[in-house]
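Please build the complex by placing chains S, R and A on the supplied structure of chain V, with the hints as guidance.
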Amino acid sequence: MKVKKTAMITRRPIDPSKVLAAAADDAAGGAVLFVGTIRKKSDGKRVRGLSYEVYREMAERKMGDIEAEARRRWPVIGIAMSHRYGELEVGEVSVAVAVSCEHRADAFEACRYSIDAIKGTLPMWKKERFADGTETWVKGAPIEG
Amino acid sequence: MKVKKTAMITRRPIDPSKVLAAAADDAAGGAVLFVGTIRKKSDGKRVRGLSYEVYREMAERKMGDIEAEARRRWPVIGIAMSHRYGELEVGEVSVAVAVSCEHRADAFEACRYSIDAIKGTLPMWKKERFADGTETWVKGAPIEG
Amino acid sequence: MKVRVLYFAAARDLASVESERVPLKERASVGDLAGEIVRLHPSLKALERSVRFSVNFEVAERDAPLRDGDEVGVLPPVAGG
Amino acid sequence: MKVRVLYFAAARDLASVESERVPLKERASVGDLAGEIVRLHPSLKALERSVRFSVNFEVAERDAPLRDGDEVGVLPPVAGG
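Residue numbers (my numbering), protein chains in the order written: chain V, 1 to 145; chain S, 1 to 145; chain R, 1 to 81; chain A, 1 to 81.
Derived by calculation from the structure, the hints in this document are not laboratory data. Bear in mind that the values here come from a model prediction, so they are computed numbers and not experimental data. One or more of the hints may lead you astray.
[Said to hold, decoys possible] Covered stretches of chain V (chain S as the covering partner; in silico rule of three or more C-beta atoms under 8 Å from a C-beta of chain S):
| no. | segment |
| --- | --- |
| 1 | 17–28 |
| 2 | 35–47 |
| 3 | 52–59 |
[Stated by the list, open to error] Among chain A residues calculated to face chain V with C-beta under 7 Å, some are:
| no. | residue |
| --- | --- |
| 4 | F8 |
| 5 | G31 |
| 6 | G35 |
| 7 | V38 |
| 8 | K45 |
| 9 | F57 |
| 10 | G69 |
Beta carbons: idealized from backbone N, C-alpha and C, even for Gly.
Isolated chain V, as found in the complex:
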């Protein structure tokens, strides 16, 4: 059996197909992958890129919690997630989550839950760098406990 690292906070580019492969399994009929990418516009301003900051040790534990909760709520066969930090350009992947289940309804719901939990409970922050040279921390929501 190949050991796959299934939860990662990484500075390197994310390959969504590897995240999908890490969640895949012959016993699963369906897999759902969510991929978040850097948009070229935010509130009408042209974005050059984003800087992501992370409280890494806490974020890795939170990813473990998300996987455990997804497995508790749905019959998950495989689940994998990666979140990037550091400097990202427009079009690059910031986050990818994949879930495989025997039935597709479960895979959709568990993947949706996981990305929502990543956005709500991971200690990560992003600063937008605009084409006009300005930059600003993106307004977020209080971290969920």
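This is chains S, R and A only, laid out in the frame that chain V set:
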């Protein structure tokens, strides 16, 4: 602008990352990909593979209808789908659908709609080949009009 | 008039034919064709209740009219994905 | 006792420090620490209402007790993904 073929009925192996790439766009913040694979068991019997049959011209038109309906219902930026036919082995990808939208809730819903519509309205049939040498047409549901 | 009939999956297995031209009386409906193909291939009776038909690539009800040259698909319950 | 405090994102910008050890009276709570860091770095007042705290990698409410050696994160509103 690169022209991407976004709806395909194909005899060749499907690369889910190409389907995802065909739906991706710099203006989209999120993309959702569904991948269906051949499971190794069906009703407890060990599956060796599947033969998919398709009414190709009708299926291609139906894919066009699904894309149009998804775009009518959600603010879809990119959408791509591929369904394979012919002989498939366990673990191979039979279908992949990707949708990108500005917001992830829309991408999840539009992708879910699309795969449900593919399963319900595409004129495709599959025959399971079991490890014990028997084979049988998979019991489906009447095609939706 | 004649329509072109395509048989798929279990319907093709039972009819032992992939496609054929079927003569029908003028103003025949999809339901009339359904009766005619069972007459031509009695083994199709097993699928009579579960099969649906397409006319020129769109699913059609039994009361839909047919016209000369139409392409009709004989579609057992589907199971893609 | 002392706790280790880590400042992130806008909180780090305002405090102009990444991490520091902050002395507290025995049985101090997260709320007590919140007051203390604003005393040490008055500019943090701007974040006072939106910031949350983690204690040893779990989000903690203001009335949660602190112990010597705890690692406390000062967490502005998050925006990952």
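Taking the hints in turn, this is what the structure says about them:
no. : hint  : in the structure
1   : 17–28 : holds (count 6)
2   : 35–47 : holds (count 6)
3   : 52–59 : violated (count 0)
4   : F8    : holds, 6 Å
5   : G31   : violated, 15 Å
6   : G35   : violated, 19 Å
7   : V38   : violated, 17 Å
8   : K45   : violated, 17 Å
9   : F57   : holds, 4 Å
10  : G69   : violated, 15 Å
Figure legend: structure checked against the earlier numbered hints; hints not met, in rising order: 3, 5, 6, 7, 8, 10.
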